[in-house]
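K.L.:
Each chain, letter by letter, is given below.
2 protein chains.
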Amino acid sequence: VRLVGTHLDGEIVASCRQRHYHPRLRRALPPGVLAYDVGEVGLAFRGAEVVVSGVNSFGVRWLGQTIGPHLRPGQAIIAVTKGLEAGPGGELRILPDVLAEELPAGIRDRVGLAAIGGPCIAGELAARRPSCVLYGSRDRYLAERLAALFRTGYYHAGTTGDLLSLEVSVALKNAYALSVGMAAGLLGRAGGPDEAGAGMHNLAAACFAQACTEMAALLRAVGGDPAYACGLPGVGDLYVTCQGGRSWRLGRLLGLGRSCDEARSALAGETLEAAACVQVMGQVLPVLEACGAIGPADLPLMRALVGVVVHGHPVELPLERFAHAPEPGG
Amino acid sequence: VRLVGTHLDGEIVASCRQRHYHPRLRRALPPGVLAYDVGEVGLAFRGAEVVVSGVNSFGVRWLGQTIGPHLRPGQAIIAVTKGLEAGPGGELRILPDVLAEELPAGIRDRVGLAAIGGPCIAGELAARRPSCVLYGSRDRYLAERLAALFRTGYYHAGTTGDLLSLEVSVALKNAYALSVGMAAGLLGRAGGPDEAGAGMHNLAAACFAQACTEMAALLRAVGGDPAYACGLPGVGDLYVTCQGGRSWRLGRLLGLGRSCDEARSALAGETLEAAACVQVMGQVLPVLEACGAIGPADLPLMRALVGVVVHGHPVELPLERFAHAPEPGG
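Quick mapping for you: the protein sequence lines, in order, are chains A and B.
Once you know that position 118 of the first sequence is 118 in the working numbering, the rest is easy, because the numbers rise by one and skip nothing.
If you want the working numbering, it's the 1-based position in the second sequence plus 330.
Careful: at least some of the hints might be erroneous.
[As the list claims (entries may be wrong)] Restraint ranges, calculated between C-beta atoms of paired labels, are given here: (1) Arg128/A x Ser589/B: 26 to 32 Å; (2) Arg458/B x Ala48/A: 54 to 60 Å; (3) Pro286/A x Ala627/B: 43 to 49 Å; (4) Thr152/A x His643/B: 20 to 26 Å; (5) His643/B x Tyr154/A: 17 to 23 Å; (6) Arg519/B x Arg140/A: 33 to 39 Å; (7) Tyr154/A x Arg356/B: 39 to 45 Å; (8) Glu657/B x Ala14/A: 46 to 52 Å; (9) Gly340/B x Gln243/A: 39 to 45 Å; (10) Ser589/B x Glu11/A: 47 to 53 Å; (11) Gln243/A x Glu431/B: 38 to 44 Å; (12) Gln243/A x Gly436/B: 52 to 58 Å; (13) Phe58/A x Arg468/B: 49 to 55 Å; (14) His70/A x Arg519/B: 43 to 49 Å.
Bear in mind the hints are in silico, worked out from the structure with no lab data behind them.
Glycine residues also receive a C-beta, built at the ideal position from the N, C-alpha and C atoms.
Take these sequences, add in the hints, and give me the full structure.
P.N.:
See below:
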């Protein structure tokens, strides 16, 4: 195993090299794990069977340009970045496709492309805690081969050929985790639990349920499988993020009344994939609506998130819209 | 509003009467709320438009027998009890139907029957925190009428005519909340978070996702709408229960290695609807399997819960079975 840091990871790489200790994971590296600077990527990739990309969503194009010249035919790339992009016409694009676009034409079709979704906090995986995930690739054989390569007694990996549904689910859950965090922020703003101990779990749960309903609707609208909302990459990943993850914490700050900029400053150093995903959805929703894939009143929670994150509206959740039975056939 | 206590609620009724204070909700009662002993039920019901039943699932038949003689044609009964029953042939029965069965034949068809589902911790509702719920009745008009009666600016009530799916969802979420609690118990058993802070949120989230997947499958198997697993009565209610509710706490004790009896003792005074629901499912699953509604390998999490709760097996979750893509069309 060889770790390659970006230009932002100098300290981490230095610690891995000098002390064999990963400061973010707060854990000693197993013997045999080597660390490289991005300038040494060619050296690091030499003979590698699989390349795992863990850059954030803003770095995906850079990554493709950076690693492209060093890839060899037959290598596989696993993208664990969670995010989405809006194409020039407002169409939704998944990040493995964005990454592939940046690879040199001569190599693009000669490497395998896969992704991983599901609830998997890195620190818990490093601690060898039990985790269940899903490996996805349009090449189902590749997904199976990679899952078999990484599967252990504590790391349970299933596979799917539905890369679109996998990627849309894991990106959307970040956006929707904002709303569950907002409930915690609104509680804080209301002065916290009252004298009888009443919090705002009902509100958080209503947002959580609406998030699942809307994830299913969005999956359907973009041609994916709505059942993913109910599985590991949807509700599972949403649940784990709501246990204090970055997106949940950003939502909490917004619920407390901070502006998006203030919240960003307070979380300095953290990648805010949730806000990025909401911004993308702000571009994508009008296009989905124009082509009739969603109605003008659909997705009230996502529209509220776009209002807060893109337009700076105060946090006001349209709760009366969340109290509904599932759509027939939904 | 008139509260009627059962024979187990003597202290609560006394407090409500003497101090106008509800000791469980830890809150003063609004003026005009009166409290009655069960022996005064006829007096309490006089002129009442709606009767709300909040007994636990073990008390539903008793309740029907007790209130039956005092009901008047045109009254509506709302059952907020969450549970299920196995009929003599192992068929699944929802509690509003069990309650109706105990009513005198002359009144049974002349009262309305409805239920409420969705994430609604009573103490938060009493604090007028925002909550979203679903009113269900086979008589859709009744559901609408009742929701309109109770709806407020903080209590958002939608309606459904699909009483079966509503009731199955809210009962199953208690059973499945056990599994999410078990993850917390297993963490405690492993000595808690390790030196780097790694917990077992990945495991809890994998159980949560598998719970949603299995709720959808069970809804389909009993002729309900699988979409309810993704809505307020399914995933929403499951989420709120996992914030430290009774079923979650029972699961945590089981995960810590306590036997079911020990866990029951530790939670003395709490109604263990989760264990009751798992016991019912232990009777229902073989029947669903015999008629081909589920396969012998389906529902691995519920089967594991039956093993622990009914057969006293140690907590061992078949995680390799949880790492899968959604079933096509699931």
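K.L.:
Quick check on a hinted range of 33 to 39 Å for Arg519/B and Arg140/A, using CB atoms only.
P.N.:
holds (38 Å)
K.L.:
Starting from the hint 43 to 49 Å, judge whether the C-beta atoms of Pro286/A and Ala627/B obey it.
P.N.:
Cβ of Pro286/A to Cβ of Ala627/B: about 45 Å, so the range 43 to 49 Å holds.
K.L.:
Quick check on a hinted range of 52 to 58 Å for Gln243/A and Gly436/B, using CB atoms only.
P.N.:
holds (53 Å)
K.L.:
For the hint 38 to 44 Å, verify it against the beta carbon of Gln243/A and that of Glu431/B.
P.N.:
The hinted range 38 to 44 Å holds for Gln243/A and Glu431/B, with Cβ atoms some 42 Å apart.
K.L.:
So the hint says 39 to 45 Å: do the beta-carbon atoms of Gly340/B and Gln243/A match that?
P.N.:
With a Cβ separation near 40 Å, Gly340/B and Gln243/A satisfy 39 to 45 Å, so the hint holds.
K.L.:
Determine whether the Cβ-Cβ distance between Ser589/B and Glu11/A falls within the hinted range of 47 to 53 Å.
P.N.:
holds (49 Å)
K.L.:
Tell me if the beta carbons of Arg128/A and Ser589/B are separated by a distance inside 26 to 32 Å.
P.N.:
holds (28 Å)
K.L.:
Could one say that the CB atoms of Thr152/A and His643/B fall in the range 20 to 26 Å?
P.N.:
holds (24 Å)
K.L.:
How does the Cβ-Cβ distance of Glu657/B and Ala14/A compare with 46 to 52 Å: does it lie in that range?
P.N.:
Check passed, 47 Å falls within 46 to 52 Å.
K.L.:
Given the hint of 17 to 23 Å, is the C-beta distance from His643/B to Tyr154/A inside that range or not?
P.N.:
holds (21 Å)
K.L.:
For the range 54 to 60 Å, tell me whether the beta carbons of Arg458/B and Ala48/A fit it or not.
P.N.:
Taking Cβ atoms as reference, Arg458/B and Ala48/A lie about 59 Å apart, which means the hint holds.
K.L.:
Could you check the hint for me, namely that Tyr154/A and Arg356/B are 39 to 45 Å apart, CB to CB?
P.N.:
holds (42 Å)
When the structure is compared with the earlier hints, no violation turns up for any of them.
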